[in-house]
Amino acid sequence: MKYILLLLVTFKIIKKKLTKLQEVMGFQTSHGTKWIAHPIFKAKEDSTLNLADHTQANTNLIPACYDSWVVKHPSALNSFDRLMKAAIGKRIVVFLDYDGTLSPIVNDPDRAFMSDEMRAAVHEVATYFPTAIISGRSRDKVKDFVKLNNLYYAGSHGMDIMAPSMPVRSSEGKHCDIARNTNGTEVPFQPAKKFLPAIREILRRLENEVKEIKGAMVEDNGFCISVHFRQVKEKDYYVLEEKVKSVLEQNPQFCLTEGKKVMEIRPSIEWNKGNAVEYFLDTLGLSSCSDILPVYIGDDRTDEDAFKVIQSRGQGYPIIVSSIPRETNALYSLRDPSEVLIFLSRLAKWRKTSYSSRPLNFS
1 MKYILLLLVT FKIIKKKLTK LQEVMGFQTS HGTKWIAHPI FKAKEDSTLN LADHTQANTN
61 LIPACYDSWV VKHPSALNSF DRLMKAAIGK RIVVFLDYDG TLSPIVNDPD RAFMSDEMRA
121 AVHEVATYFP TAIISGRSRD KVKDFVKLNN LYYAGSHGMD IMAPSMPVRS SEGKHCDIAR
181 NTNGTEVPFQ PAKKFLPAIR EILRRLENEV KEIKGAMVED NGFCISVHFR QVKEKDYYVL
241 EEKVKSVLEQ NPQFCLTEGK KVMEIRPSIE WNKGNAVEYF LDTLGLSSCS DILPVYIGDD
301 RTDEDAFKVI QSRGQGYPII VSSIPRETNA LYSLRDPSEV LIFLSRLAKW RKTSYSSRPL
361 NFS
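Residues 1 to 363 in UniProt numbering are what the sequence shown lists, from first letter to last.
Derived by calculation from the structure, the hints in this document are not laboratory data.
Be aware that a few hints might be false.
Stated by the list, open to error - FRET-style restraints, in silico, Cβ to Cβ: (1) Glu249 with Arg346: 47 to 53 angstroms; (2) Gln315 with Glu117: 25 to 31 angstroms; (3) Val71 with Val187: 44 to 50 angstroms; (4) Glu327 with Pro197: 36 to 42 angstroms; (5) Gln311 with Gln253: 28 to 34 angstroms; (6) Val239 with Ser79: 43 to 49 angstroms; (7) Glu249 with Phe113: 32 to 38 angstroms; (8) Asn78 with Lys211: 43 to 49 angstroms.
Unchecked claim - Straight line, CA to CA, 20 angstroms or less: simulated EDC-like cross-link-like pairs of lysine to aspartate or glutamate: (9) Lys143 with Asp108; (10) Lys260 with Glu241; (11) Lys308 with Glu327; (12) Lys90 with Glu124; (13) Lys193 with Asp220; (14) Lys260 with Glu327; (15) Lys211 with Asp108; (16) Lys245 with Glu207; (17) Lys245 with Glu219; (18) Lys261 with Glu234; (19) Lys193 with Glu124.
Idealized CB from N, CA, C, for every residue including glycine.
Make the full structure from the sequences, and use the hints.
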């Protein structure tokens with residue numbers, strides 16, 4: 001029995017390495033039935049390639065693949081002048097992911113700090129354009145990281161939105177108001193609110209189940225739960241995975257997805273970052289406007305839903321942040337947060353020196 005278990009563990013490790021190699025080379029993989037299928041591949045989370053994680057792939061493979069990939073998804077920096085020329089007369093709305101986009105991916109998710117330079121760039125962009133950050137983090141947590149009050153926030157992959165405080169016209173053409181407390185202050189839009197008691201129970205059970213696995217970290221993100229395994233040894237990953245799945249089996253109304261060294265448990269509702277983009281545009285009164293140009297920058301597979309929405313509108317710039325080739329619905333690319341900083345700085349500078357449009361004020 002001991003040898004059988006050893007063989008099973010060895011087989012899983014080999015299978016995982018082969019899967020990673022397939023992803024780098026552009027082959028799609030899928031998860032088990034408890035996992036949501038995604039149209040993109042899991043990318044290497046670090047900006048530098050670790051060949052050991054890809055069974056010693058050819059060192060020339062990634063640069064060659066990236067060069068051909070970037071032809072299909074041109075650099076947003078190299079294309080900047082052309083993009084801005086097409087933006088003349090348009091009203092730009094900016095949407096940003098946080099981790100891996102405004103901040104680097106780090107071992108400790110509680111230390112995913114953005115630089116002062118990035119904060120200044122985001123602040124300036126939000127001065128000229130309506131700007132929202134849509135993150136998998138809890139809304140309060142990402143706001144605490146960003147520390148800016150001149151933009152909008154959506155946490156839990158768009159399941160916790162603080163929208164503009166103003167009467168708006170819905171997509172059906174009806175007038176409606178943002179929900180408010182009796183004292184007149186707005187309250188967040190939370191489509192998964194009924195799941196909160198179950199989420200609290202899942203969180204309690206997960207923390208108890210994984211506490212013995214060194215390096216595992218459970219993060220409460222409000223309407224979703226993240227189980228980070230960046231610092232978990234590979235031999236312990238499958239134990240962690242089984243523990244997480246065992247908790248989920250007792251809660252069929254939730255689903256499990258995997259991101260960059262993280263497993264995420266979310267309510268099984270039809271709501272994602274793409275819906276959040278549509279909600280923001282709607283509450284800003286812009287959803288039916290033909291002169292709106294949404295810009296969405298993100299690095300995670302969950303951002304693909306937003307890329308799809310922008311593509312479906314036939315206007316706007318979906319931009320993926322990735323230093324390796326990935327299947328994506330984005331039209332343009334940036335390599336890493338340092339390039340995001342340059343792009344945002346150039347966008348603000350372009351607006352300052354351009355008189356082709358006026359800043360939108362929705363406060």
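Taking the hints in turn, this is what the structure says about them:
no., hint, in the structure
1, Glu249 with Arg346: 47 to 53 angstroms, "holds (49 angstroms)"
2, Gln315 with Glu117: 25 to 31 angstroms, "holds (30 angstroms)"
3, Val71 with Val187: 44 to 50 angstroms, "holds (46 angstroms)"
4, Glu327 with Pro197: 36 to 42 angstroms, "holds (37 angstroms)"
5, Gln311 with Gln253: 28 to 34 angstroms, "holds (30 angstroms)"
6, Val239 with Ser79: 43 to 49 angstroms, "holds (46 angstroms)"
7, Glu249 with Phe113: 32 to 38 angstroms, "holds (36 angstroms)"
8, Asn78 with Lys211: 43 to 49 angstroms, "holds (48 angstroms)"
9, Lys143 with Asp108, "holds (18 angstroms)"
10, Lys260 with Glu241, "holds (14 angstroms)"
11, Lys308 with Glu327, "holds (13 angstroms)"
12, Lys90 with Glu124, "holds (18 angstroms)"
13, Lys193 with Asp220, "holds (15 angstroms)"
14, Lys260 with Glu327, "holds (15 angstroms)"
15, Lys211 with Asp108, "holds (16 angstroms)"
16, Lys245 with Glu207, "holds (13 angstroms)"
17, Lys245 with Glu219, "holds (16 angstroms)"
18, Lys261 with Glu234, "holds (11 angstroms)"
19, Lys193 with Glu124, "violated (33 angstroms)"
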